[in-house]
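Colleague: Let the sequences and hints guide you as you build the complete structure.
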Amino acid sequence: MLLDLARSSFQRLRHPAAAFMSAADNTAMQLLSASDLPATIQSWALSAHVQTPSSSNNDTILPLTKLRTQHLGRHILYGETLPSTQTLLQKVSLELRLTDVQRDFRLVCWTPSQQGGKGRGSNTWVSPQGCLTFSFQSSLTNGASLPFAQYLVSLALVRTIKSFAAASTPTNVYIKWPNDLYANNLKLGGILCQSEYFQERFHVTTGVGINVSNPEPTVCLNQLLPSPVTKETFLVEFCNVYEPMEEQFKTHGFAPFVDEYTANWLHTNQVVQVQGDTPGEPPMKATIQGTNI
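Residue 1 is where the sequence shown starts when you use full-length UniProt numbering, and the numbers rise one by one after that.
Keep in mind that the hints were calculated from the coordinates and are not lab data. Computed from a predicted structure; not experimentally measured. Any given hint might turn out to be false.
To be verified - Quick list of in silico lysine to any residue cross-link-like pairs, SDA-like style, CA-CA up to 20 angstroms:
1. 250 <-> 145
2. 66 <-> 184
3. 162 <-> 196
4. 66 <-> 159
5. 250 <-> 66
6. 285 <-> 266
7. 91 <-> 74
8. 187 <-> 223
9. 91 <-> 195
10. 66 <-> 285
11. 187 <-> 113
12. 187 <-> 171
13. 162 <-> 213
Modeller: And the structure:
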């Protein structure tokens with residue numbers, strides 16, 4: 001299901017142009033009316049005055065037919081331009097939880113153009129058309145696993161990129177701890193994880209930004225791949241890659257992924273300076289051998 005919020009504002013979800021698309025199977029997307037929506041979001045859709053347009057953008061819709069997931073990506077909140085996918089998804093998801101939403105409702109918020117993206121701390125950034133920016137939510141019961149959520153997403157992004165690369169073509173994409181992707185020593189993308197505790201579960205909102213097709217000012221994904229990919233195709237494949245990883249993570253923690261994560265991070269054999277606790281003590285040089293996560 002696709003909710004197209006092309007004319008909405010995340011502060012006041014009123015009068016958006018909305019397309020409801022069913023992803024019930026992998027062969028076709030069907031336009032739905034508001035009355036056909038799952039009961040879990042009908043109340044929100046009605047309060048937001050969602051309207052169903054007469055047509056939809058096939059370039060946006062068609063890649064969604066390639067989803068192989070059970071839940072993630074089956075419901076998408078979409079807007080041509082949004083202030084922040086992270087903030088919008090947090091607001092909408094809270095309303096859905098308050099209406100007793102099902103726990104397998106994996107809403108993804110996606111926009112081709114983000115005007116007020118959220119970064120670590122109070123950082124904000126603007127994402128132009130060539131960047132893919134999206135947010136999604138996960139539900140975890142083990143609070144000790146929260147710090148590892150961003151590592152899992154980073155690794156899933158690397159796996160997704162490699163799935164588009166030829167076997168003989170190295171992508172040179174690495175994870176910069178804790179939450180960035182770098183290629184050729186230039187930033188390619190970043191991840192932000194924020195969590196809320198509600199009804200004995202941690203609801204993690206993860207925001208992802210990755211430069212798909214802008215060669216300036218740093219580096220873009222399509223410079224690294226043998227054939228260009230679209231933002232929509234990359235988003236779908238990420239969902240396909242990430243969902244089974246998260247299920248394994250919920251059962252076994254991050255341990256099954258540590259070796260692969262370390263093999264794909266930027267810091268092995270990196271020389272760094274370590275500052276001691278003693279005032280005035282000069283920094284010491286050290287070589288990173290691995291990680292104890």
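Colleague: All hints, please: hold or fail.
Modeller: Hints, verified against the model:
Restraint check: the Cα-Cα separation between residue 250 and residue 145 comes to about 8 angstroms, which is no more than 20 angstroms; the hinted pair holds. As the CA atoms of residue 66 and residue 184 are separated by approximately 30 angstroms, the hinted pair breaks the 20 angstroms bound. A hinted pair counts as satisfied when its Cα atoms are at most 20 angstroms apart, and residue 162 with residue 196 does not qualify at roughly 32 angstroms. Under the criterion of a C-alpha separation no larger than 20 angstroms, the hint pairing residue 66 with residue 159 is consistent with the structure, at around 17 angstroms.
About 25 angstroms separates the Cα atoms of residue 250 and residue 66, which puts this hinted pair outside 20 angstroms; it is violated. For the hint linking residue 285 to residue 266, the alpha-carbon distance of about 18 angstroms falls within 20 angstroms, and the restraint holds. The hinted pair formed by residue 91 and residue 74 meets the criterion: a straight-line CA distance of about 19 angstroms does not exceed 20 angstroms. The straight-line distance between the Cα atoms of residue 187 and residue 223 is roughly 13 angstroms, inside the 20 angstroms bound, and the hint therefore holds.
Restraint check: the Cα-Cα separation between residue 91 and residue 195 comes to about 13 angstroms, which is no more than 20 angstroms; the hinted pair holds. Between residue 66 and residue 285, the direct Cα distance comes to roughly 49 angstroms. Violation of the 20 angstroms bound is thereby established for this hinted pair. In summary, the hint linking residue 187 to residue 113 is supported, as the alpha carbons are separated by about 18 angstroms, within the 20 angstroms threshold. Under the criterion of a C-alpha separation no larger than 20 angstroms, the hint pairing residue 187 with residue 171 is consistent with the structure, at around 14 angstroms.
Distance hint between residue 162 and residue 213 is fulfilled; the C-alpha atoms sit about 16 angstroms from each other, no more than 20 angstroms.
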